[in-house]
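*Asks:* Here is how the chains run, residue by residue.
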Amino acid sequence: MKAIVSVKDAVKNYTLGNVVVPALRGVTLDVTEGDFIAIAGPSGSGKTTLLNLIGCVDTPTSGTVEVEGKDTRRLSERQLTTLRLHTIGFIFQSFNLVSVLSVFQNVELPLLLQRKLSAADRAQRVTALLERVGLRDHASHRPSELSGGQRQRVAIARALVTRPGIVLADEPTANLDSVTGQHILDLMKELNRTERTTFIFSTHDQRVMGYANAIIRLADGKLLEPGASPQPAAQPGRVPA
Amino acid sequence: MRAWLSTLGVVAQIAFRNLFASRLKTFIVGGIIFFGALLVVAGNSLLDSLDSSMSRSVIGSVAGHIQVYNAKSKDPLEVMGRMMMGDPDLAQLDEFSRVRETLLKVPNVKSVVPMGISGALVTSGNTIDLALEKLRKAVNDRRKAKDDGESARLDRKIADEKGHVRQIVLVLQGDLKNAKTMLDARAIDKDDVEAVTRAASEAFWTDFDKDPFAALEFLENRIANQAADADLLFLNYVGTDPQAFAKSFDRMKIVEGTMIPPGKRGFLFAKHVYEEQLKLKAARRLDQIKEGIEARGETIAKNLELQRLVRENTSQVREILLQLDATKTADFRAKLQRELGSKEADVAKLLATFFQTDDQNLRARHEFFYRELAPSLEMYRVRVGDVLTIKAFTRSGYVQSVNVPVYGTFQFQGLEKSTLAGALNLMDLVSFRELYGFLSGEKLAEIKQLQAAAGARDVKRENAEAELFGTKPAGGAGDEPRRIEATATPGVGPAMRDLGESVGGKLQRDEARSRVFPAGEVETGVVLNAAVILHDPKKIDATIKAIETQSANDGIPLKAISWQKAAGIIGQFIMLARLVLYIAILIIFMIALVIINNALVMATLERVREIGTLRAIGAQRRFILAMLVIESLVVGLIFGGLGAGIGALVVTLVGKVGIPATSDIWFFFFSGPRLHPFIGTTNVIAAFIIVMLVSAFSSFYPAWLAMRVTPRQAMQEDE
Numbered sequence: 001m002k003a004i005v006s007v008k009d010a011v012k013n014y015t016l017g018n019v020v021v022p023a024l025r026g027v028t029l030d031v032t033e034g035d036f037i038a039i040a041g042p043s044g045s046g047k048t049t050l051l052n053l054i055g056c057v058d059t060p061t062s063g064t065v066e067v068e069g070k071d072t073r074r075l076s077e078r079q080l081t082t083l084r085l086h087t088i089g090f091i092f093q094s095f096n097l098v099s100v101l102s103v104f105q106n107v108e109l110p111l112l113l114q115r116k117l118s119a120a121d122r123a124q125r126v127t128a129l130l131e132r133v134g135l136r137d138h139a140s141h142r143p144s145e146l147s148g149g150q151r152q153r154v155a156i157a158r159a160l161v162t163r164p165g166i167v168l169a170d171e172p173t174a175n176l177d178s179v180t181g182q183h184i185l186d187l188m189k190e191l192n193r194t195e196r197t198t199f200i201f202s203t204h205d206q207r208v209m210g211y212a213n214a215i216i217r218l219a220d221g222k223l224l225e226p227g228a229s230p231q232p233a234a235q236p237g238r239v240p241a
Numbered sequence: 001m002r003a004w005l006s007t008l009g010v011v012a013q014i015a016f017r018n019l020f021a022s023r024l025k026t027f028i029v030g031g032i033i034f035f036g037a038l039l040v041v042a043g044n045s046l047l048d049s050l051d052s053s054m055s056r057s058v059i060g061s062v063a064g065h066i067q068v069y070n071a072k073s074k075d076p077l078e079v080m081g082r083m084m085m086g087d088p089d090l091a092q093l094d095e096f097s098r099v100r101e102t103l104l105k106v107p108n109v110k111s112v113v114p115m116g117i118s119g120a121l122v123t124s125g126n127t128i129d130l131a132l133e134k135l136r137k138a139v140n141d142r143r144k145a146k147d148d149g150e151s152a153r154l155d156r157k158i159a160d161e162k163g164h165v166r167q168i169v170l171v172l173q174g175d176l177k178n179a180k181t182m183l184d185a186r187a188i189d190k191d192d193v194e195a196v197t198r199a200a201s202e203a204f205w206t207d208f209d210k211d212p213f214a215a216l217e218f219l220e221n222r223i224a225n226q227a228a229d230a231d232l233l234f235l236n237y238v239g240t241d242p243q244a245f246a247k248s249f250d251r252m253k254i255v256e257g258t259m260i261p262p263g264k265r266g267f268l269f270a271k272h273v274y275e276e277q278l279k280l281k282a283a284r285r286l287d288q289i290k291e292g293i294e295a296r297g298e299t300i301a302k303n304l305e306l307q308r309l310v311r312e313n314t315s316q317v318r319e320i321l322l323q324l325d326a327t328k329t330a331d332f333r334a335k336l337q338r339e340l341g342s343k344e345a346d347v348a349k350l351l352a353t354f355f356q357t358d359d360q361n362l363r364a365r366h367e368f369f370y371r372e373l374a375p376s377l378e379m380y381r382v383r384v385g386d387v388l389t390i391k392a393f394t395r396s397g398y399v400q401s402v403n404v405p406v407y408g409t410f411q412f413q414g415l416e417k418s419t420l421a422g423a424l425n426l427m428d429l430v431s432f433r434e435l436y437g438f439l440s441g442e443k444l445a446e447i448k449q450l451q452a453a454a455g456a457r458d459v460k461r462e463n464a465e466a467e468l469f470g471t472k473p474a475g476g477a478g479d480e481p482r483r484i485e486a487t488a489t490p491g492v493g494p495a496m497r498d499l500g501e502s503v504g505g506k507l508q509r510d511e512a513r514s515r516v517f518p519a520g521e522v523e524t525g526v527v528l529n530a531a532v533i534l535h536d537p538k539k540i541d542a543t544i545k546a547i548e549t550q551s552a553n554d555g556i557p558l559k560a561i562s563w564q565k566a567a568g569i570i571g572q573f574i575m576l577a578r579l580v581l582y583i584a585i586l587i588i589f590m591i592a593l594v595i596i597n598n599a600l601v602m603a604t605l606e607r608v609r610e611i612g613t614l615r616a617i618g619a620q621r622r623f624i625l626a627m628l629v630i631e632s633l634v635v636g637l638i639f640g641g642l643g644a645g646i647g648a649l650v651v652t653l654v655g656k657v658g659i660p661a662t663s664d665i666w667f668f669f670f671s672g673p674r675l676h677p678f679i680g681t682t683n684v685i686a687a688f689i690i691v692m693l694v695s696a697f698s699s700f701y702p703a704w705l706a707m708r709v710t711p712r713q714a715m716q717e718d719e
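Chains as they are written, first to last, in our numbering: chain A, 1 to 241; chain B, 1 to 719.
Quick caveat, the hints were computed from the structure, so don't treat them as lab data. A virtual CB, placed ideally from N, CA and C, is assigned to each residue, including glycine. Warning: the hint list may mix true and false statements.
Unchecked claim - Over 10 Å on every C-beta distance to chain B, these chain A residues come out as not near it, computed from the model:
no., residue
1, 25
2, 28
3, 34
4, 35
5, 63
6, 69
7, 70
8, 75
9, 179
10, 182
11, 211
12, 214
Said to hold, decoys possible - Derived contacts from chain A toward chain B, CB cut-off under 10 Å, selection only:
no., residue
13, 48
14, 51
15, 81
16, 96
17, 122
What the hints assert, rightly or not - Away from chain A, derived, C-beta distances all over 12 Å, residues of chain B:
no., residue
18, 121
19, 258
20, 523
21, 548
22, 617
Only chain A is shown next, with the shape it has when bound in the complex (with noise of 0.2 Å):
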């Protein structure tokens, strides 16, 4: 199976003032396609840092990331953001829609900055979309009309919508209630079932994290051996080399 990211001992630390702080200290990891990936670990542990680097949002300050074969160190700001469109689906925690557009042109946003597709082809798509995630009816409602599993599911819709090889969900249900971030991770599941579409999500939920393939353990900016369960937390006080 072919590595479509590929990440070696990547190294990302954070200024603060002239305070340096470590969020990943050399992580290693492949996810090959049609991986349904949780990276899993407590608040600070690294888990967004390791999904910006992923998502080409971020680049490490050591190490390599590498998305669909490409080093993003060596990608300029623009080449990275023209790499997320064109290769990388996200879904946020709190869902970020465009306020001010219907859910039909939240869906249609990627596509409309990718100018790839007529108009026809787009309105075809992004219909089909969301008759997948059952908001067909939904179409020309604003966001705030629409309840928050409803929101992710235009979330995820727009995230899909460009048939990214990855989609990057920073926990994607911690805003939603059990019920629903279930129905959530079904959808999520079944898409990367049948679309064979490459998941990788963020969460610090046992349960989120049984529907994954493969978790990748996060504690302290460092990845836990494999069976290991994670650390509650990183020991305060520690300062890195």
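Got chain A sorted already, so can you dock chain B onto it with the hints?
*Replies:* Below, chain B alone, put in the same frame as chain A:
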């Protein structure tokens, strides 16, 4: 291309929807832009219209497009807006023909009008002096009467004139009685009271015929001085070549009388001055009240100014009384009693009642006054055909006086009501030069003769000192500069006006009228300034430069200024108003800039997550930039366009109706009774550009902020 368009479409859509979503912000920002654009269009259009109408007034009445004067002058030239101020210190231009020759070499110059502007005091006539003069003449004539018929006629005339003088004395007696009630007894001269009592007594008039000349002397010395009603008038005048003036300023129209004939001395009153200063005051006030009611729609009941005029008319009937002899008094009494339905015998009281006008009776009274009373009254202190003695201080302080016949009155079409355009009277250039202290050719010849007789010789101005104190005094005290100040015109006595039928008056009038100055006098003599009329008025600045270059080449020190500068403070009015407008616009748009900027920064901060999301899902920075700039441009376009459109509409509507000139100053600025503002396309375009620039500028900083939003910020949760 189509995809690009659809991206732009979505950008615009997001922008539009965002604007709609935050309506309040949009309306506040839009409101400011709306108001700014409206102000730019309406304000500028109004000022442009005002500018063009005022330029017509200034250019058309006296200034011309350009004024030239001697570059060595100490003060700048001002042809308008001078009232009682002294003359600016201008150096003379020695030979007008050379000045004109030089100016006409400049291709854009159409014509040149010689000028000089100054002012002088003139005393208007005294009624009792005139009455006594008439009485004296009648007595004189009676003495020389050849037959009984003539004697009888002159006896009646003497009786009439005596009646008039007695009437005046009665008025004086009344005045003294009033004075006693109002003033302290010590303030009243006993001798005056005595004199009046004597002149009012029956005995004085019975004795009059015994020694009429002694009686006249008494009246002239003791009574006339108490009955002074003469006014001191200050007249501003422009000395010019009347023909050239009328030709170049073609709005000038003769109202009464005729034009000053070529080569003659003469004076034309500005109609406005004639009405305002020389008309019988009661009549003038009646006119003003009528005008207030009819032209401005005011009422005596409500308007304080009109009430004041009515009050003055009722209390100041003396001016009319002094003009009435016995016959006229009886006539006025009968007419007024009939008109007012009154049995009152005192004409003063009848007149006071008559002038107690209100909104109902004013029109009838006005009509009655002009139909019944005016024909018996001297309506103007100076009549067309009279000779005016003008006394002026020359530049070096001599008092110079000149007699000029009054040929008529004139006004500028469209500027009839304007005090400013009607403030300058017209005088021939030769008389002007004399009053200003320059020598006319005529006088120069006379002096030459005297110099020759005295053995004097010419000394150049610059050598005068050396000649006088240097090597050796050449000709004694006779060494005078070539141009000296003229002394009083010999042989012509100062007389205010044509003294009726008096021989002296007639002589004086005929003399003044028949004097013709030599041909070429106007051409070769001195002028202070000259108005230049152009073929193409748009090229004023270029022509000014051309004139100054040409005059430098020809060795004439000419300074050329535009009509705006020549009009003094008035010319700067528009510039000042424009400055105020621009500052207001600047302030409004600065405020707009700050407010819009703030609003957009706030909006950007509120939308960090949205912008981050857009960036995360693949929107480039320029997409974000376009989105925000389009947002503010849309606001600018819609509200700015609306403001400019409504501004244009308002100006057009106002232009159709016209803004009425409410006072004479506005008459001048509007160049007529109404200003019809017009829309200048440049103003609309300017408004559009300003609004767009402000909108674009105000979105730069927030757009820059927005572009720095990273996709990571979309992921951040408020944990």
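*Asks:* Going through the numbered hints above, which ones does this structure break? Give me the numbers in ascending order.
*Replies:* 22
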